[in-house]
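Residue numbers (this note's numbering), protein chains in the order written: chain R, 1 to 288; chain L, 1 to 258.
Keep in mind the hints are simulated off the structure, nothing from the lab.
Glycine residues also receive a C-beta, built at the ideal position from the N, C-alpha and C atoms.
Do not rely on the hints blindly, as some may be mistaken.
Distance ranges between label pairs, derived from CB positions [to be verified]:
hint	chain 1	residue 1	chain 2	residue 2	range
1	L	K158	R	G190	51 to 61 Å
2	L	I94	R	N140	51 to 61 Å
3	L	I18	R	L19	41 to 51 Å
4	L	K158	R	F83	42 to 52 Å
Derived list of chain R stretches under chain L, where covered just means 3 residues or more per stretch with a C-beta under 8 Å from a C-beta of chain L [stated by the list, open to error]:
hint	segment
5	130–136
6	208–222
No more than 25 Å apart at the CA atoms, straight line, and that leaves these computed lysine-lysine pairs for DSS-like [claimed, not checked]:
hint	chain 1	residue 1	chain 2	residue 2
7	R	K4	L	K151
8	R	K92	R	K198
9	L	K151	L	K89
10	R	K4	L	K53
11	R	K177	L	K89
12	R	K4	L	K89
13	R	K177	R	K92
14	R	K97	R	K4
15	R	K92	R	K4
16	R	K177	R	K198
17	R	K198	R	K97
18	R	K206	L	K89
19	R	K7	R	K97
20	R	K206	R	K31
21	L	K151	R	K7
22	R	K177	L	K158
23	L	K158	R	K7
24	R	K177	R	K206
25	R	K7	L	K89
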Amino acid sequence: MDRKYRKIVLLLPISMMYLMLIGGGFYVVLKESLGIIPNLGFTDLTFTYFSDILEQDDMMISMMYSVGIAAISAILSMFIGTFIAYRMTQSKHGNMKSLIQHLLRFGMILPYLYMVFIVMLFFSQSGLVSRLLNVLGLVNNTQSFPNLIYGSMGIVLVYVLKGIPFVIFLVINVMNKISRDYEGVARTLGSNSIQILKRIYLPLSKDTIVWAGMVLYAYDLGSFEVPYILSQIKHQSFSVKLYSSYLNPSLSSVPETMAMTIILFGVGIVTVALFALVTRTLIGRTSR
Amino acid sequence: MKKISLRLMFVLPLTYLILLSVFSYFKYPLLLPTHFTLEYWSDVLLKNPLFYKALISSLSIALLTALFSTVIGFMTGRAVVYHLGGYSKSLALIISLPLLIPGMILFLGMHQILAYTPFSNSVFGVVLVHTVICLPYTCNIAVAYFTGIPKAYEELSKTLGSTYTETFRRITLPLLMPGITLSVMISFLISNTEYFSTFLIGGGQVVSLSMVMFPYISNADYGHSSVMGLIFISLHLFLFLVLDKKVKQEVDTFYGGN
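Looking at chain L on its own, in the form it has when it is part of the complex (with noise of 0.2 Å):
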């Protein structure tokens, strides 16, 4: 009983976006839509100008802030680990920042300091801010990795002759690509659900998915809503499907012993 009851919270939501999005009958009382179109589906991969303009810059917003913050959470979590002797309270606090002042006004703050940048209302800009708001995640999954890592490895492998980039490349690196795997993934995922920031720090120049969808949730469009949820539903579920074979112990590792 249980089990129907768990399996029902993510198989009805799922089950009536797919039958909204291609049924347009849905007045009150009924229960199922009716009335089969494909209308919607074409409204918004075919006749929306902005649909795929929005899909790319998304999917570039996503991926470069999961470059830029994987990089500079590892280097963060590098020199944490074997540095700064470990992750002290006061650390952990100040790299936490970002998520402890409440959006609004981070993003306010960061928007009024980009003006004096080129980077104002540009793909740059939105994934500087992106990338703030991921770096905290980032640094917590690169902290808990580079901890995991026996110090002694990276010393055997000095002793034994190897140059710094050689024993990182080849005793580092490979140690810590599910974290790094991970921390793409996550910092992907943040920077694609953000709404707001993009938003503000776009300008209106850059164009997101979240954007895009947005008037159609706002004026509670159920069809359009639905295709525009089943798409980024479904990105992310592939992204995860992919990813997902390459990181096993993922969630073991993050957030460790915090």
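Chain R extracted, bound-state conformation (with noise of 0.2 Å):
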């Protein structure tokens, strides 16, 4: 009894959270989406606002391009990272190993937020890429240069260098723990490093690095801040999209953005799903 008594002690704080927070958020939205919102006076079950949502073509088109772009930074990521995961297990140089630990602890301390001015500093028109290419004699004024930053590149390529020190972070660990002694026999009966890579460490952190793809999808979907600097006016993500309806002032507008809320929720839910199924079965083609 004692010992039961003690597992939902335990246990209570998390579930409050999650229920309250997350659960509650989401059963507020959900109600308000079908247009039963008593204080502002709409008490009437309806899906209308569901079809009106859906019947928008510049909805369906920032959904896909946030989609797109999340999917794309993602993958990067987890290539790229993976790769030098498996470079610094296999480095046998100590300074080597120790200096990465210090870029990637310096990537993990800066935001998203400040990655974009890192982003800018370098790749602008003006940032020091083109500088050093005019010096040299390769781009002859700011206009030459073409522009990185301002639009999708310059967003996958914020979330691609947060991305990587994520991905590293995690799956080193994992390739860490791989013992030698496969290595060490693939070796003896001539294979090379990548085929190493492939057949071994890969699939053994496999799961590891589907996950870590998994959330860097997420996050990279549902953020604000980065597509909001850097994103033109020709193409909005939705997370921009859904944050300018949030605010719209008419309260009219309220189940309308609610309704905007869950799609998206169903869409974000979904399509991790599917990210998690496709970079699994990826990575599972590429092992055999």
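Dock chain to chain to rebuild the complex, using the hints, since each chain is given by itself in its own frame.
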């Protein structure tokens, strides 16, 4: 009895947090999206707000845009991060490893918001890369350097730069635990380092890589500040769109905003699951 | 060669941040800024009335978040390892839920529900929301560390006549200490790097460091952004240095067999 009681006490706080904040939030948003907001005088249950939203074309476009950007950045981070993590486990230089550790730490400390600034500093039309090329005589003025940061490219760049340290951080732990014997055997049998990565390291760290990718994908999909600063008027990511509709002072737009939130929640959950499934299969294919 | 290019990858941005924070003239083809000035530093440290308010509220939010999420995380970890028979896949999925729902939607939902409580637009509301997004990490750390402690230790201590609290204080807690430090560190960091949730839930009443940073960055204001960045980075590097001594095997156990 004592044991059972203890179990409930230990699990109470987290269940409260999740049920009240996540579950409760979902419940309120769902209720409002169905048109029930007694305080504002909406009392009839209706699905019209959902169909209204689904009929808007630009809604679908910005959703696709966000999904695309998030998927590309997450996959790039997974790919590069895993590769660097593998090279690090293979590397025999002590200082190299500690150097990368510092770099990792640096990448983890910086908020996404600040990574936007770093990317601006280096890759904008008047950024350091452009200046360096100017000195070398390859670029004449700011206009002849391509616009890399305002638009999809910049957003992806920020996400990838933040994503890589995260992937390395998680994957390297798993890779470090893989016994060196497998590798030794493979080498004796004549495998090269790419084959060892594909046949030994990838299958054994698959779960962690997919997990890291999933988290990054979900984060990139719902991030606000990065697309807000870097996006162009032509394409808007759905988080920016959702927030501007959330800020709309007209009370009659509340249910529509909530319906939008619910739709995006559904899209989010489905695509996160899909993303995990697809990357899992892809890694499985590669390692065959 | 590789080593030099790697070193450049973090020395270069840092050097430029330092240079840009004290030199004001950086017209296009120049590679290095000129015209020494301390104006940017004084603007942020002396003239910006929000800076100290933001610093204090950022630190208190982060500390409270670290405290809450670590305590709740380790309670959950304990329950998972000792009472629920280990970390099954479905359990891991439920605990990780806040990471798998896109942030925007998660925060809008929490903003809606907090409006029914007295905590909206308050520091405590922000702490609650940050705690939710830190919990997946702290729970994972807690599960990893609890799994690492042989159950025989506690049983032995009980056989020798100690009470539950005594066993916890003298056996379990010391063994968990590195995990607790790591969990505090991670949640402190996550809370401090959050921008949107603080801004939304705080409703303009709560000002954090990243919110002071935001206008500088969105206006591409190099000088002030560099100052803010240096303050932010040194704050966390200091934290890491202090805690690093305590946590030697941090990385090995974190996320162990996920």
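Ascending list of hint numbers which this structure does not respect:
10, 14, 15, 19, 20, 22
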